[in-house]
Structures are given as C-alpha cells and as structure tokens.
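2 protein chains.
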Amino acid sequence: MRTVIGVDLGGTNILSAVVNEQGEILGKDKRPTLAKLGATKVMLRIADSVHAASKESGLPWSSHLAVGIGSPGPLDQNTGIVIYTPNLNWHNVPIVDILQKKLHKPIYLENDANAATLGESWVGAGKDEKVVFCVTLGTGVGGGLVIDGKIYHGATGVSNHLGHVIVDPDGPKSSYGNKGILEQYASALGIVRLAKEIGLKPPTGQKTTPKTFKEMALDGNVKAKKVFETAGRMLGIGLTSAIHLLNPSVIIFSGGVSHAGNILFKPMYKEINARCFKTHLKGLKFRMAKLGDNMGAVGAARLAWQALNSSKK
Amino acid sequence: MRTVIGVDLGGTNILSAVVNEQGEILGKDKRPTLAKLGATKVMLRIADSVHAASKESGLPWSSHLAVGIGSPGPLDQNTGIVIYTPNLNWHNVPIVDILQKKLHKPIYLENDANAATLGESWVGAGKDEKVVFCVTLGTGVGGGLVIDGKIYHGATGVSNHLGHVIVDPDGPKSSYGNKGILEQYASALGIVRLAKEIGLKPPTGQKTTPKTFKEMALDGNVKAKKVFETAGRMLGIGLTSAIHLLNPSVIIFSGGVSHAGNILFKPMYKEINARCFKTHLKGLKFRMAKLGDNMGAVGAARLAWQALNSSKK
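Residue numbers (our numbering), protein chains in the order written: chain Z, 1 to 313; chain V, 1 to 313.
Quick caveat, the hints were computed from the structure, so don't treat them as lab data. Remember, it's a predicted structure, so these values are computed and weren't measured experimentally. Treat the hints with care, as some may be off.
[Unchecked claim] Using 25 Å as the maximum straight-line C-alpha spacing, the simulated DSS-like pairs for lysine-lysine come out as follows:
hint: 1; chain 1: Z; residue 1: 173; chain 2: V; residue 2: 278
hint: 2; chain 1: Z; residue 1: 278; chain 2: V; residue 2: 173
hint: 3; chain 1: Z; residue 1: 201; chain 2: Z; residue 2: 223
hint: 4; chain 1: Z; residue 1: 130; chain 2: V; residue 2: 150
hint: 5; chain 1: Z; residue 1: 55; chain 2: Z; residue 2: 30
hint: 6; chain 1: Z; residue 1: 127; chain 2: Z; residue 2: 285
hint: 7; chain 1: V; residue 1: 282; chain 2: Z; residue 2: 179
hint: 8; chain 1: Z; residue 1: 173; chain 2: V; residue 2: 102
hint: 9; chain 1: V; residue 1: 173; chain 2: Z; residue 2: 270
hint: 10; chain 1: V; residue 1: 270; chain 2: Z; residue 2: 173
hint: 11; chain 1: V; residue 1: 102; chain 2: V; residue 2: 36
hint: 12; chain 1: Z; residue 1: 282; chain 2: Z; residue 2: 270
hint: 13; chain 1: V; residue 1: 270; chain 2: V; residue 2: 150
hint: 14; chain 1: V; residue 1: 196; chain 2: V; residue 2: 179
hint: 15; chain 1: Z; residue 1: 127; chain 2: Z; residue 2: 150
hint: 16; chain 1: V; residue 1: 285; chain 2: V; residue 2: 270
hint: 17; chain 1: V; residue 1: 223; chain 2: V; residue 2: 127
hint: 18; chain 1: Z; residue 1: 282; chain 2: V; residue 2: 127
hint: 19; chain 1: Z; residue 1: 266; chain 2: Z; residue 2: 278
hint: 20; chain 1: V; residue 1: 290; chain 2: V; residue 2: 223
hint: 21; chain 1: Z; residue 1: 179; chain 2: V; residue 2: 173
hint: 22; chain 1: Z; residue 1: 127; chain 2: V; residue 2: 150
hint: 23; chain 1: Z; residue 1: 173; chain 2: V; residue 2: 179
hint: 24; chain 1: V; residue 1: 179; chain 2: Z; residue 2: 226
hint: 25; chain 1: V; residue 1: 278; chain 2: V; residue 2: 266
hint: 26; chain 1: Z; residue 1: 270; chain 2: V; residue 2: 179
hint: 27; chain 1: Z; residue 1: 282; chain 2: V; residue 2: 179
hint: 28; chain 1: V; residue 1: 130; chain 2: Z; residue 2: 130
hint: 29; chain 1: V; residue 1: 179; chain 2: Z; residue 2: 278
hint: 30; chain 1: V; residue 1: 179; chain 2: Z; residue 2: 179
hint: 31; chain 1: V; residue 1: 312; chain 2: Z; residue 2: 312
hint: 32; chain 1: Z; residue 1: 196; chain 2: Z; residue 2: 207
hint: 33; chain 1: V; residue 1: 270; chain 2: Z; residue 2: 179
hint: 34; chain 1: V; residue 1: 285; chain 2: Z; residue 2: 179
Sequences are here, hints too, so could you generate the full structure?
Here is the structure:
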C-alpha cells in the first residue's frame with residue numbers, strides 16, 4: 001500500500017490524514033495547535049500528529065511516501081518558508097527543512113486556501129470539474145482556483161484574493177487603503193461591522209457573532225435580516241465580477257459564514273441572476289464544500305501525490 | 001523554411017501574415033473585409049489574402065504548415081464554427097471547414113482577443129512573462145489571459161470579460177441587466193456616454209468620438225478632462241479587482257481609447273496605487289501593446305505553431 005500524509009495546519013487545530021492515491025482517508029489525527037507555545041513546539045506537535053495518523057492507519061511508516069502541508073501564508077514554496085502568519089505569529093519559519101529533519105520524508109508546502117481547493121477539486125464538490133473556484137467565508141473572505149486539476153498561483157503566488165474585489169467603490173475604507181471590498185461585507189468581520197452600522201446588538205448574554213445574528217434573522221429580526229441581505233447582495237456583486245473574469249465550472253462555498261444558508265444565498269443568487277451574462281451562468285454550479293474538516297489535509301495529500309508523480313516523469 | 005500563416009479577421013480589415021517559429025513576419029497582406037458582401041465572399045477574400053501574404057514572403061506554398069485564424073466571437077473551437085458576430089453579421093459559419101477546403105492546410109481557430117494576447121505574450125510586450133493580461137480599450141472593453149504561454153479559456157470559453165467587472169454597483173444599467181460595469185466608462189461607447197451625461201459636446205463639425213474629446217481635454221476643456229478622469233478612475237477600480245484575482249505579471253493595453261495616454265492612465269494609476277495590496281503591485285508591469293496592427297495575426301500564427309507542436313507529441 002502506497003500512501004502520503006496530508007497536514008492541515010491551522011491557528012486552532014492541526015489535522016493530519018493518511019491518504020491513498022484514490023483520495024481515501026486511512027488514518028487521521030486532530031489535535032490543538034497550541035500556537036502560543038511558539039514555532040518550535042508547534043513543529044513537534046505536527047510531527048507527533050503525523051505519527052499518530054500513521055499509527056491509526058495501521059500501515060508501516062515506510063508506506064508513507066511524502067508529507068504535504070497546507071499552512072496559513074504568505075509562504076514561499078521554493079524555499080519552504082512560512083514568511084508570516086498572524087494566526088500562528090510566525091515570521092520566516094523554515095517549516096519544510098525542520099519537518100524533513102524530523103520525519104525523513106519529502107515535504108511539500110502549499111497555502112491552506114489552495115490546499116483546500118485542491119482537496120475539493122480532487123474528491124469533493126469539484127470532482128471532475130475543469131475550473132474549480134472555492135470561496136471561503138470565514139473571518140475574512142478567501143478564494144482558491146484549480147484549473148485542470150492544478151492549483152493556479154498567479155505570477156507571484158497571491159492570486160484569488162476574492163475578498164479584495166471591489167463591490168462598492170465608495171464603501172468603507174479597509175486597513176490597507178482599498179474601499180468597499182467584499183471582505184467588508186461577506187466575512188464574519190464584515191457581518192459584525194454591518195450589524196454595528198445599523199445598531200443591531202445581540203440579546204443580553206449572547207456573543208457578537210454571525211451565528212447569533214443568523215439566529216436573530218431566522219427569528220424574524222428585521223435588522224438582522226437586513227445585515228445578511230446586504231452581505232448576500234455584495235457577495236453576488238463580487239462573484240459576478242469573478243465569474244466574468246474566471247468563467248468557473250463550479251463555485252464551492254465553505255467557512256463559518258457560509259452556514260448562514262438561504263438568508264445569505266438568496267440575495268446572492270438574486271444579484272448574480274440579474275447581473276451575469278446568460279452564457280456565463282450556463283452550466284455553472286454552486287455547491288457547498290463536501291470534505292468538511294478534511295478539506296485542507298486531503299488537498300495537502302493531493303499536493304504530495306502530484307509532486308511525487310511529476311518528479312517520477 | 002517552415003512557416004505558418006496567421007489571419008486576423010476583423011470587422012474592417014483582414015490581415016494575414018506568414019510567420020516563422022521565432023515569431024518573425026516574412027510576408028503580409030492587409031485588405032478590407034467588406035463584411036457587407038456576406039460570409040461566402042468574405043471567405044474568398046480571406047483565402048485571397050492568405051495567398052497574397054504567401055506570395056509576398058517569396059516562399060513556396062508547401063512551406064506553410066498550417067493557418068491560424070483569430071475571429072470575433074463567440075465561436076466553438078471544437079467544431080470550428082463562428083457562432084455569432086455582430087461586426088460581420090455572421091450566424092453559425094463553419095469557417096474552419098470552408099477554409100480547409102479552399103486552402104488544403106490544417107486550420108486552427110481562436111477568438112480575436114485571445115489570439116492578440118497570445119501574440120503579445122509570445123513576441124510582444126508580454127514576452128517571457130508568466131501571466132499576461134491584455135486589456136483592449138476599444139468600442140467595448142475586452143480582456144485576454146495567457147498563463148505560462150497558453151491561452152486561458154475558462155470552463156466554457158467565456159473568461160476574461162473584463163468589461164463586465166462591476167465598478168459601481170448602482171451605476172447605469174447595461175443592455176443585459178448588469179449595472180455599473182467597466183465597459184460603461186472605459187470604452188469608446190463609455191466615454192461618449194460620460195460626455196453626454198455631463199453635457200460635453202464636440203466643437204461644430206467634429207465627430208462625437210473619444211479622439212475629439214481627448215483633444216478637447218488636452219486643450220484644457222474642464223468637462224473633457226473630467227470625462228477621462230472618470231474613465232481612468234473606473235479603469236483603476238476594475239483593474240484592482242482583476243489584479244487581486246489574477247495576480248498578473250504584466251498588464252498590456254491596446255485599443256483606440258488606450259491612445260488617450262496620461263489623461264486616462266494618470267487617474268487609473270492613482271486609483272490602483274491607493275487600492276492595491278503592495279504584494280500585488282510588486283513586480284507588476286503596465287505596458288502598451290508592442291505589435292500594433294499585427295497582434296492578432298501573429299497570435300493566430302502562434303496558435304497554429306502550438307497546435308502543430310502538440311499534435312507531434
């Protein structure tokens with residue numbers, strides 16, 4: 001049996017999975033990242049998690065040909081260095097070198113959003129689709145693009161920043177100077193901002209989160225409904241621009257805010273249907289991510305398989 | 001000597017060029033399309049133009065291995081049919097079949113914007129660049145994307161519609177329902193619309209064209225300057241969205257409106273510099289197209305070379 005191990009390194013959890021060439025998970029480990037302990041300790045925890053997943057698979061260590069890692073970025077694939085990540089508070093961490101020394105396997109690095117998109121395009125909601133565009137509605141808004149089974153990196157590895165597409169040129173100013181970008185509306189931070197803007201507050205004792213506002217909206221709260229209508233409308237505007245540029249086969253949603261469901265997606269579809277060329281909507285599918293928690297690890301495993309197969313040639 | 005012949009079929013002119021594998025033009029013919037004569041006659045004119053370019057090259061007919069054609073679209077590359085083109089008033093014209101019978105060479109078809117981008121990426125302003133994004137500011141606003149030397153088609157061949165990126169969600173309504181799209185500002189039609197909106201009229205006896213308004217702006221006309229400021233600002237907003245999604249190496253401008261120069265590009269750069277992530281601007285080049293009139297024909301020739309080389313494998 002030939003396998004690889006995919007690792008999804010997140011600010012909260014490390015998830016490792018032993019994955020065969022068909023994309024099946026044969027063993028898995030999930031543990032808290034404990035980022036506060038610092039990079040050296042986190043690196044030990046990654047190695048421990050990889051070994052635990054291997055053990056759970058019941059396969060010999062030698063059956064794992066390589067390890068793929070999806071990490072928050074920005075990062076440099078060529079040097080194997082994570083340049084900076086606010087979630088982990090890392091600066092220039094040579095993750096590939098360090099893990100190679102601990103695990104004695106080839107290590108392949110990719111940013112987490114790209115790895116997740118690769119996972120969904122391989123065995124998830126984007127299986128057998130030519131152009132897969134993943135939209136993550138989390139703390140921010142992120143995107144990933146896989147074309148003919150390969151991750152699209154752009155010229156310098158910073159493509160697919162869907163959250164920074166302009167949806168209202170005179171909208172609120174972001175921290176770096178752009179105004180009215182999608183992230184200011186359709187992310188968790190955006191929804192909290194919209195709520196504040198119209199004076200929507202959570203019931204006493206409840207947290208100021210999209211989840212609280214979602215429940216208020218479902219209970220009929222007019223202001224809460226308005227917040228998701230605006231977020232959905234802006235998501236539709238941003239995606240209309242992306243659809244005309246990228247012409248994807250499928251758009252796949254993931255992330256906490258995507259669980260808002262119809263109160264978010266109904267206004268989004270309304271906007272897209274009113275604005276998009278019919279030729280661009282023909283055949284275009286909208287789906288929820290299928291791999292759940294495993295997206296990133298499965299995608300990191302796919303990355304390792306692709307690297308192994310291309311180096312064989 | 002091995003060559004191919006590239007043909008740029010336009011609403012106004014047919015341009016044919018004999019091109020070697022280094023991208024050098026060895027013979028050329030340009031003649032009016034005379035689209036009003038109908039598809040059958042235009043097809044004869046294309047064949048005549050190809051033969052004339054061959055003759056001008058002084059090379060034997062047998063040295064031309066294939067013919068590439070850049071045509072207005074939409075078109076279907078697989079069946080070789082031009083589905084519809086308003087400029088030529090064609091509906092479902094099987095251009096590849098017809099020309100194969102006339103010329104007895106393999107014929108390869110591509111839409112004109114993609115062919116032009118391929119030409120610039122091969123031997124023009126995008127030479128040796130990884131991700132080449134061409135922006136045509138003509139009657140409308142068009143885009144073309146070449147990644148690692150290959151045309152990006154999207155899922156169904158309708159990618160790179162830069163003109164339909166939303167720059168003001170509540171802007172004027174387009175004919176098909178979208179509102180505030182880039183084409184309504186930064187195209188020839190957009191500039192005429194903007195002029196009308198603020199009551200700018202050409203001097204008596206002069207035409208209502210971007211060229212007239214450009215001269216008025218250069219002469220200090222405040223309203224004319226304002227028109228180009230708005231067009232440039234909107235161009236900057238649309239390109240900011242495209243830059244964050246596509247992360248190009250180079251953006252190449254062509255088309256009549258692009259000759260407006262600084263009165264258009266200064267406000268564009270101002271907007272881009274104020275709005276783009278520094279990581280996305282790092283290394284990004286902005287250039288004017290280099291191949292001029294020959295863009296489309298040289299790109300169509302490159303298409304033929306790529307098809308010949310891939311079929312050899």
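Tested hints:
Distance hint between residue 173 (chain Z) and residue 278 (chain V) is fulfilled; the C-alpha atoms sit about 16 Å from each other, no more than 25 Å. Restraint check for residue 278 (chain Z) and residue 173 (chain V): satisfied, since their Cα atoms lie roughly 16 Å apart, inside the 25 Å limit. Using a Cα cut-off of 25 Å, the hinted pair residue 201 (chain Z) and residue 223 (chain Z) holds, with the two alpha carbons roughly 9 Å apart. Taking the CA atoms of residue 130 (chain Z) and residue 150 (chain V), the gap is near 16 Å; set against the 25 Å cutoff, the hint holds.
A threshold of 25 Å between alpha carbons decides the hint, and for residue 55 (chain Z) with residue 30 (chain Z) the separation of about 13 Å falls inside it, so the pair holds. Between residue 127 (chain Z) and residue 285 (chain Z) the CA atoms are separated by roughly 12 Å; this keeps the pair inside 25 Å, and the hint holds. Distance check on the hinted pair: residue 282 (chain V) and residue 179 (chain Z) sit about 20 Å apart at the alpha-carbon level, within 25 Å; holds. Between residue 173 (chain Z) and residue 102 (chain V), the direct Cα distance comes to roughly 60 Å. Violation of the 25 Å bound is thereby established for this hinted pair.
Restraint check for residue 173 (chain V) and residue 270 (chain Z): the C-alpha separation of about 16 Å stays at or below 25 Å, so the hint holds. Distance restraint check for residue 270 (chain V) and residue 173 (chain Z): the Cα-Cα separation of roughly 16 Å lies within the 25 Å cut-off, and the hinted pair is therefore satisfied. With a C-alpha separation of about 21 Å, the suggested pair residue 102 (chain V) and residue 36 (chain V) falls inside the 25 Å cut-off, and the hint holds. Straight-line distance between C-alpha atoms of residue 282 (chain Z) and residue 270 (chain Z) comes to about 16 Å, which keeps the hinted pair within the 25 Å bound.
About 31 Å separates the Cα atoms of residue 270 (chain V) and residue 150 (chain V), which puts this hinted pair outside 25 Å; it is violated. Between the alpha carbons of residue 196 (chain V) and residue 179 (chain V) the distance comes to roughly 18 Å, so the proposed pair stays at or under 25 Å and holds. Annotation: proposed proximity of residue 127 (chain Z) to residue 150 (chain Z) holds, straight-line Cα distance about 13 Å (limit 25 Å). Restraint check for residue 285 (chain V) and residue 270 (chain V): satisfied, since their Cα atoms lie roughly 15 Å apart, inside the 25 Å limit.
In summary, the hint linking residue 223 (chain V) to residue 127 (chain V) is not supported, as the alpha carbons are separated by about 39 Å, beyond the 25 Å threshold. For the proposed pair residue 282 (chain Z) and residue 127 (chain V), the alpha carbon gap of about 34 Å is over 25 Å, so the pair is violated. The straight-line distance between the Cα atoms of residue 266 (chain Z) and residue 278 (chain Z) is roughly 18 Å, inside the 25 Å bound, and the hint therefore holds. Annotation: proposed proximity of residue 290 (chain V) to residue 223 (chain V) is violated, straight-line Cα distance about 31 Å (limit 25 Å).
At roughly 22 Å between alpha-carbon atoms, residue 179 (chain Z) and residue 173 (chain V) fall within 25 Å of each other, so this suggested pair holds. For the proposed pair residue 127 (chain Z) and residue 150 (chain V), the alpha carbon gap of about 23 Å is at most 25 Å, so the pair holds. Taking the CA atoms of residue 173 (chain Z) and residue 179 (chain V), the gap is about 22 Å. The hint holds against a cut of 25 Å. Taken as a hint, the residue 179 (chain V) and residue 226 (chain Z) pair is honoured in the structure, with Cα atoms around 22 Å apart against an allowance of 25 Å.
As the CA atoms of residue 278 (chain V) and residue 266 (chain V) are separated by approximately 18 Å, the hinted pair is consistent with the 25 Å bound. About 14 Å separates the Cα atoms of residue 270 (chain Z) and residue 179 (chain V), which keeps this hinted pair within 25 Å; it holds. In summary, the hint linking residue 282 (chain Z) to residue 179 (chain V) is supported, as the alpha carbons are separated by about 20 Å, within the 25 Å threshold. Pair hint residue 130 (chain V) plus residue 130 (chain Z) holds up; C-alpha atoms about 21 Å apart against a cutoff of 25 Å.
Taken as a hint, the residue 179 (chain V) and residue 278 (chain Z) pair is honoured in the structure, with Cα atoms around 15 Å apart against an allowance of 25 Å. Distance check on the hinted pair: residue 179 (chain V) and residue 179 (chain Z) sit about 19 Å apart at the alpha-carbon level, within 25 Å; holds. Among the hinted pairs, residue 312 (chain V) with residue 312 (chain Z) is consistent with the structure: their alpha-carbon atoms are about 23 Å apart, no more than 25 Å. A C-alpha spacing of about 13 Å is found between residue 196 (chain Z) and residue 207 (chain Z), which places the hinted pair at or below 25 Å, so the restraint holds.
Under the criterion of a C-alpha separation no larger than 25 Å, the hint pairing residue 270 (chain V) with residue 179 (chain Z) is consistent with the structure, at around 14 Å. Annotation: proposed proximity of residue 285 (chain V) to residue 179 (chain Z) holds, straight-line Cα distance about 23 Å (limit 25 Å).
The structure fails hints 8, 13, 17, 18, 20 (numbered hints given earlier, in ascending order).
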